[in-house]
Amino acid sequence: MIALHAERVAADPQAVRWVVPAGVLPAGRIHSAPGLLGELFADGSLSAGLVESTAVWLWLRDDLLWAAHGTAVQAALRDALDAPNNWTVEPAPGEVLARVTTDLLDGSVGDFIRSHGGSVSVQQVGPDRVSVQLGGACEHCPAAGQTLRSKLMDELRRRCPDLAEVDRDGTALTLALGSGPG
Amino acid sequence: MGHAHHGGGGSTTANIGLKRFAVVGSPNSGKTTLFNALTGLHAKTGNYPGVTVARFEGRMRVDERDTVVVEDLPGTYSLDPISPDEQIVVDVLDTDHRGADQHRATVDVPDALLVLLNATTLRRSLGLIAQLHQTGLPICVVLTFTDDLARRQGRLDVPALTRALGVPVVPVVAGHRDGVADLRHVMAESDTWSTPVVAPPTDPAEVTAWIESVLASCDYQVPEVDHRTRRIDAVVLHPAIGTAIFLLAMFLFFQTIFTVAAPLQGYVEAGFGWLGELVAEHIHIPWLSAFLSQAVIGGVGSVLVFLPQIVLLFVLIAVLEGTGYLARAAFLMDRVMARAGLEGRAFVALLSSVACAIPGIMATRSLPSAKDRLATMMGAPLMTCSARLPVYILLVSILLPAGSRIGPFSGRGVVMFALYLMGAVSAMLVAAVFKKFTSRGGPVLPFYMEMPPYQVPRLKNVAAEVWAAVSAFLRKVTSIIMTTTVVLWVLLNLPLRGEAEMMAAGVDTGSDTAVAAYVIDHSYAASVGKAVEPVFAPLGFDWRINIGILSSLAAREVFVATLGQVAAAENPEEPAAALTEMRVQDGPQAGRLLFDAPTIAALLVFFMYALQCMSTVGVMRRESGSWKWPAIAFGYMFVLAWVLALAARTAVAALW
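First to last, the sequence lines map onto chains A and B. Everything in the first sequence is counted per our numbering, starting at 1 for the first residue and increasing by one. Everything in the second sequence is counted per our numbering, starting at 1001 for the first residue and increasing by one.
Hints listed in this document are in silico derivations from the structure and should not be mistaken for laboratory results. None of the values given here were measured: they were computed from a predicted structure. Every residue gets a Cβ at the ideal spot worked out from N, C-alpha and C, and that includes glycine. Hints should not be assumed to be uniformly reliable.
[To be verified] Quick look at which bits of chain B chain A covers, simulated, 3 or more residues with Cβ under 8 Å:
#1 1157-1169
#2 1194-1202
#3 1386-1399
[What the hints assert, rightly or not] Stretch-level coverage of chain A by chain B, calculated; a stretch enters the list once three of its residues show a Cβ under 8 Å from a Cβ in chain B:
#4 2-8
#5 13-21
#6 62-73
[Said to hold, decoys possible] Some chain B residues close to chain A (C-beta under 10 Å, calculated; not the full set):
#7 1189
#8 1205
#9 1208
#10 1209
#11 1210
#12 1211
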């Protein structure tokens, strides 16, 4: 049986990040899925889906609650993951990277930066790149670049093994996924 | 069962309206340590309605404004109960029945749960979390033993665990205040605790997959078995060497009881001697002076002089437990017990009986099989409880002079060791025999015995445990022993005798001692003691010993108190000497030393086997649900005690 569990997404009550074993599915945007999960996509109960290396993100339609539908979605996802070849996942490296980076900055990495009086923003630039910008107390801090790299990059690499650093300019960082899936 | 919280100090009535937190976790997850850290000394105990599973709850302040109630639930691995105390957890957490009927209404359903997870055995503990989410109660995870995990090269990403579980996770390391302070803050905010966005699954296979996923996401690395622990265990858990070490440890302990505690006992005795002089000097009301010197100083005081030994006994137990050795002893004995068809839990119950049979019998609640419970209950009172300690020490001290040696060892210590050993062996044999008679054998249910790594015991824990035991002893002395002794003093001094009658009997009325001796010898108590003489005469007991035995039904220590009273009446200056020199007054053996070797042997054996403890009988009734089993226990133990005492007397008389 596929090992999985659900994690809350801090800033988005309609999203759930389902942690799954690495490499079951290719990363990208979900177009279709097999079985019951596919039906949930088809009837609009699930409004969107995104795959990162160790998780599947699913968004529930705005008027539905995870508390009520979570168990059913969990069962459907479990079954669907047993047939990974029947999924259609379209590569979307920029979107995946932006999502994962935002997720980290909403969580422990962001907490660290904020605890130092800094602020941070993420922006998708182009189809496969994101740009991370430090602000606040970080702006004039000589250690800022270092902080960003060591804290964020370590965490990001764990979530996105093929992460590449494209450009670094003071407090700004441009990132991409080394080889887009598919 | 009447009022639910008998003895609980009306805890629930006082705690109505306060927010309740229940502490849930597996055995050895550090539950009780956390509970004590949270509630300090404000804990109260009572019982759950209908059963005698002890209930612990206490109050704590979470911030400047709010006080909450914390309840320590029995340890459990799951919500599928296999034993009575696990059933309690299920009942208390059964939110669907909130106040549904009268019986339920008395069980306060908690408002929130503090779930303890032992970081070193996380895989096993997480299933409980999955089940607990079914209750719908807010959950906060308290992560314990993270220090142990790190020391043993294990790994756990706590923020990741917090995300994966979707609930607050607070690491609390025993003995460190920071964790407890953090927890206190989190508890103050229990209305806003996060909940999992999707509840964990319930199907067992899905739960296993869920646990797998949670552990992987928080980078969990199972701790290695501690190197030091593994090396020590290779020796200590060896069937032959380990058993030898265990016996040696016990042997040395009983040596220390006599070498270390005896001088301390001397001080306490000297203290009471001084009190006796004060009474004689300053109190001139004859009956009051007699009451104080005989009942209080002679009787209760003679029990109190054993305080050093009691303290020492509990220090040893607490130290053995604190180092982690006691779990190994249970493991060793588990193999022996398994041959008798009993499981390790049974030995844990027997081991608790070394302090007192009552917690031992209560500990049988952890036994899933009713047959095993009964068999263990029948054996538990044979373990040498701390109440036998004063009786044994008194008798052994009369039997052997202080300096007597067997080889290089204290003779008294060797005899004490033998008595404890015989008690333990008898308890196990009896449990095995009862198990044979009551059961044709059934499936042995799984039993987790945690092997905590060896460590230096915390002084604070040892002190707390010893204090708990000592204060219980002191309470017993000032309540049941004091009461029985006073009643006995009255019975020993009534009816009042006129001077003329004594003159006629040839008593020197000028001597207080002679008068006291005459009054006692012709008291109501004496008539009772003489009435049962036919029963005990073959064992060499006279009416004074008989009275001691009868009164010791209240508590075994009363035997010492009773003999103390009689001795104090006969020789107020040196009651101890009076005992050694006491002689049989009449009958065919008149003039023989009352406490000669054969009689002492018979008495020791009698006390080893007889169920001279009504509290044990009472607890047995409550735990087994009828008078049948306590009656069987009392009967078989009396017969065993009498027959073996006679055998011991005969053997010693032939050999001494």
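Verification of the supplied hints:
no. : hint      : verdict
1   : 1157-1169 : holds (count 4)
2   : 1194-1202 : holds (count 7)
3   : 1386-1399 : violated (count 0)
4   : 2-8       : holds (count 7)
5   : 13-21     : holds (count 4)
6   : 62-73     : holds (count 5)
7   : 1189      : 17 Å, violated
8   : 1205      : 6 Å, holds
9   : 1208      : 7 Å, holds
10  : 1209      : 4 Å, holds
11  : 1210      : 5 Å, holds
12  : 1211      : 8 Å, holds
Of the numbered hints stated above, those contradicted by the structure are hints 3, 7, listed in ascending order.
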